[in-house]
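One line per chain: the protein sequences are R and P, in this order.
Numbering of the first sequence is given in this note's numbering, commencing with residue 3 and proceeding in unit increments.
Numbering of the second sequence is given in this note's numbering, commencing with residue 26 and proceeding in unit increments.
FYI, nobody ran anything at the bench for these hints, they're computed from the structure.
Even for Gly, the Cβ is constructed at its ideal location relative to N, Cα and C.
One should not assume that every hint holds.
Said to hold, decoys possible - From the structure, some residues in chain R lie toward chain P, with a derived Cβ separation under 10 Å: (1) Leu80; (2) Phe284; (3) Val287; (4) Leu298; (5) Gly304; (6) Lys305; (7) Leu306.
Residues per chain, in single letters:
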Amino acid sequence: MSGPPFAWQANLTPMERGATGCSMSTEKHAMSRLPVLRHFYTVADPFCDISTQSLTLKMLLLSRCFYRVVAILMLNTLIIFACFELATRGVFKIATVISKPTEQLVGEGSPREKVSYYSSEDWAKLYWYEFRLSRTQRYYPYVGWRRAPFKGKTIEIDQNGVRLTPGADCSAKAFKVFTFGASDMWGTGAPNWGTIPANLQKGLAKLRQGPVCVMNFAESAYVVMQDVIMLLMQLRSDNVPDVALFYNIGGDIYAAYQSGRAGVVENLDQMAAKFEGRRKPFTFVDWLRSTNSYMLIDYLVGKLTVANPQQNEPTPRQLLTYESMGIDVATLSDLIAQDYLRNYKIVNTLAHEYGFKPFFFLPPNVSLGNKPLTSEEQAMKHEAESDVALYKLATAVYQAIERESSQYQNLYSLVHIFDRYDSLMWIDGGHVTPSGNQVIAASILDRIQTPSSDKK
Amino acid sequence: MMIQDIGTLSVVLLLTAVGWRLPSTKERQILFLAASYLFYAHSGIGFLSILIISSLMNYICGCALRRKVTASRLWIGIALNLLPLAFFKYLPGLLELGPAGSWQYDLGRQIIMPIGMSFWTFQGLSYLFDVYFEEDVDPSLLEFCLYMAFWPSVASGPICRLPSMLPQFRQVSPLNWDDLSVGSLRFIQGVMMKFVLAQILGTGWLPGEGITAGFDQMKGGWGGVDVWLLGIGYGFLLFFDFAGYSHMVIGIARIFAIRLPENFNRPFLSTTPSIFWTRWHMSLSFWIRDYVFNPIATAGRRYSWWPPVVLIISMTLFGLWHGAKWTFIVYGLYHGLVLVIHRLGQQMQRQFSVRLPRSVGAFLSWGATFGLVSLGFIFFRANDWTQAWAMLSAVFTPAAYGHFAMPRHFYTLTSTIAVGYFVVTAGYALLLSWRARYHEAMSKRREPAAHFTLILGAVVDFLTERLWWWLAPALSMLAFLVVLVMHTRRAVIAVTPAIYTLF
Chain R
3 MSGPPFAWQA NLTPMERGAT GCSMSTEKHA MSRLPVLRHF YTVADPFCDI
53 STQSLTLKML LLSRCFYRVV AILMLNTLII FACFELATRG VFKIATVISK
103 PTEQLVGEGS PREKVSYYSS EDWAKLYWYE FRLSRTQRYY PYVGWRRAPF
153 KGKTIEIDQN GVRLTPGADC SAKAFKVFTF GASDMWGTGA PNWGTIPANL
203 QKGLAKLRQG PVCVMNFAES AYVVMQDVIM LLMQLRSDNV PDVALFYNIG
253 GDIYAAYQSG RAGVVENLDQ MAAKFEGRRK PFTFVDWLRS TNSYMLIDYL
303 VGKLTVANPQ QNEPTPRQLL TYESMGIDVA TLSDLIAQDY LRNYKIVNTL
353 AHEYGFKPFF FLPPNVSLGN KPLTSEEQAM KHEAESDVAL YKLATAVYQA
403 IERESSQYQN LYSLVHIFDR YDSLMWIDGG HVTPSGNQVI AASILDRIQT
453 PSSDKK
Chain P
26 MMIQDIGTLS VVLLLTAVGW RLPSTKERQI LFLAASYLFY AHSGIGFLSI
76 LIISSLMNYI CGCALRRKVT ASRLWIGIAL NLLPLAFFKY LPGLLELGPA
126 GSWQYDLGRQ IIMPIGMSFW TFQGLSYLFD VYFEEDVDPS LLEFCLYMAF
176 WPSVASGPIC RLPSMLPQFR QVSPLNWDDL SVGSLRFIQG VMMKFVLAQI
226 LGTGWLPGEG ITAGFDQMKG GWGGVDVWLL GIGYGFLLFF DFAGYSHMVI
276 GIARIFAIRL PENFNRPFLS TTPSIFWTRW HMSLSFWIRD YVFNPIATAG
326 RRYSWWPPVV LIISMTLFGL WHGAKWTFIV YGLYHGLVLV IHRLGQQMQR
376 QFSVRLPRSV GAFLSWGATF GLVSLGFIFF RANDWTQAWA MLSAVFTPAA
426 YGHFAMPRHF YTLTSTIAVG YFVVTAGYAL LLSWRARYHE AMSKRREPAA
476 HFTLILGAVV DFLTERLWWW LAPALSMLAF LVVLVMHTRR AVIAVTPAIY
526 TLF
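Generate the whole structure from the sequences, applying the supplied hints.
Encoded structure:
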């Protein structure tokens, strides 16, 4: 049987057999006197028929041909992108199924995970894995956010977003200690048994007769006002402590550094934008960045490239900070210090009313104090101080509060707490190792262990 | 690649493109030479001077030889070529044998070889040999300088021959869609091989888990499997790196309608060592064959022991060409011995008429060749003789096969890429065979049964015929995503220089 081998070919006209839908003409090159156009016909589209003498018609046909070429190329781009996107989605699905989550997550985080302290701790890998999993935040009334409930081997968070303190016995007659603060008091870098509250629990349990209940109300990125509100919420529900510990200032400094205002929460602008329904316009590039294709290329490019040494992180000058807003560091630091001391007074008044003993501690900072730093800590200090605006503000706030601290009976600075320690204590600019937490807890314990701190 | 590199390359490309369209041969050659000298001058004006002096010297030697063909004139030409090569390439290695801090050592460190010197020196020598053997080559000074410095091949070959280049420099080539298409495809293929596959094999999936770490960071304790995979992996690394580079330069030259000699032809599919050496670094191995092995072997052909000896000498020279290191000499010697043993094996096979099914025999022969070639790469890459010996000891110690010293990703990655290469090569051949069957069915102009392979052949044919209609959008999309990712990451490509720029 003769004829075209496939039916679909038999039905096509000669024009349709060409890729662009145009038919081949042998005289087309001769017809075009412009070399550029001739090249266009021969190279870009060998199937376009412009075998006509009329210049107007020639231009018209050329336009049609050009349109077809562009249309086919664009359509092909879309089809190929869609296919690629589907394929990459499949790749990621398969990768998710076959890879263990721990391998995916561990070691991809911040440099603090690779601090030498953790290399000898068998719980460290699991801890940082659980740390990532437990970072989910939920809305919490009045304070904005708290972590979602989580149950791991190194991190456990209850329904109220409160991190577990091992050994805490919160029965009716227990000696209650409420700790407030940000991520450092929450215990970033430490498993449940290595946080400051856990060490306080152990210390108090040894020192005191009867049950001891240390509750960790700290939460990442909290400012002191949120700590105070957390305390208020406990008091309102008739959960009155014997001792309330406030271990925070970093949150207030960072919030002011971001927004140029004292007495606000961290990430104020983003939260306000979310609440007000303001959104950054979602551009085509943003959409591309959200595709699986982009993610796959990003992963592969990450394997084949290195960071440009001449263009690393954006310099602090490029970030929007109080400094770029033209706000004076002295003024802002004074305002932060005043807010802090006013919070102290509010808590003190509540303490008189409810009968608990309040303590305020200024946490240590790698850039302040005189600790003999290890080489790793020196790198952390260097990194922390590379953001000059933040460093200047933190220094000014600490100085302002320390100037006033003598007038406040239960306000202590722990800035020099590590001055006697040679070994590694820091894991980054603001968080310490479980050993560091132990030292801090011992210091806090010294201060709260006075006869007046007994149950009212 | 720095901005100034891109700038220079753009000017070089522009000069070549403009020169290519000029109707006058001489003007075109002048622009090509200007582009080539500009390209070469980017590595140093001093180096360019050496290249120009070498070109002039070879041209004068060639003229003298043409006037009167004598062996003494040829030897003078050879010596004048080899002396600078010895000074820049081999003397530093010898001087650095002295104690660190001594003047010899410091001098050795200060001598830097002009880029591509081994390649263009051999091009100059091949010209002298061709004149001596009375080949019909009569270049002008301009043409000869262009031959020596032609920018796509000046840095790392392929080693060209004047008889094939001269006609191409003299003819005006029209814009040719085939050249443009094939050249671009080869360039893209080269980029993928050099900057993706070779890079990943070299550095590993995670830092310190690649072939480079296996040779440079480990001081000992390799297991048998480690050494085999390091040998196989380095073979593929070298192949992707150098064949990728060759594809790129051949592709660029092809875009401008100039065909450079091929350098690789699926070497890992070779079924005998002799075939391997007709497929691996072909421009050098053919050079050695034509100008070293053939003349010397022919001179003593009445002695049966002479050709094997010349073969070993030729291969040792091949190894020595890479540099003044014992490991290179042993690499050449090893391959010389393998080739001689292969020849003896062939003779024995004829005498004893060993019969195996053809496919089994071919597979066993391929396996033996692949294994021997991979072991040879241990000599090539080892940092010193002690390391090479320690690695080979692991191969021949059965107990070492229970010991695995490399990271887990290394085994997965290296074996995946090696197996992937064969799968892709076989898949490509299969697609071509389907397409051929489809064409055959079409040519018979009869209704074939709607066989699965014919339908696939039709699809392959459809996509091949309209290659750029889908490849150009796909590449544009990929390029856009890569640029976007790199911009977002503020990253730069971790370009490892082509391995053969070191030789």
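Results of checking the hints against the structure:
1. Hint status for leucine 80 of chain R relative to chain P: holds, with the closest Cβ pair at about 8 Å, below 10 Å.
2. With a least beta-carbon distance of about 16 Å to chain P, the hint placing phenylalanine 284 of chain R at the interface is violated under the 10 Å criterion.
3. Because the closest C-beta pair between valine 287 of chain R and chain P is about 7 Å apart, less than 10 Å, the hint holds.
4. Taking 10 Å as the C-beta contact cut-off toward chain P, the hint placing leucine 298 of chain R at the interface holds, the least distance being around 9 Å.
5. The restraint placing glycine 304 of chain R at the interface with chain P holds, with a minimum CB-CB distance near 7 Å, inside the 10 Å limit.
6. The beta carbon of lysine 305 of chain R is positioned within 10 Å of a beta carbon in chain P (closest approach about 6 Å), and the interface hint is therefore held.
7. For leucine 306 of chain R, the interface hint holds, since its Cβ comes within 10 Å of a Cβ in chain P; the closest pair sits about 5 Å apart.
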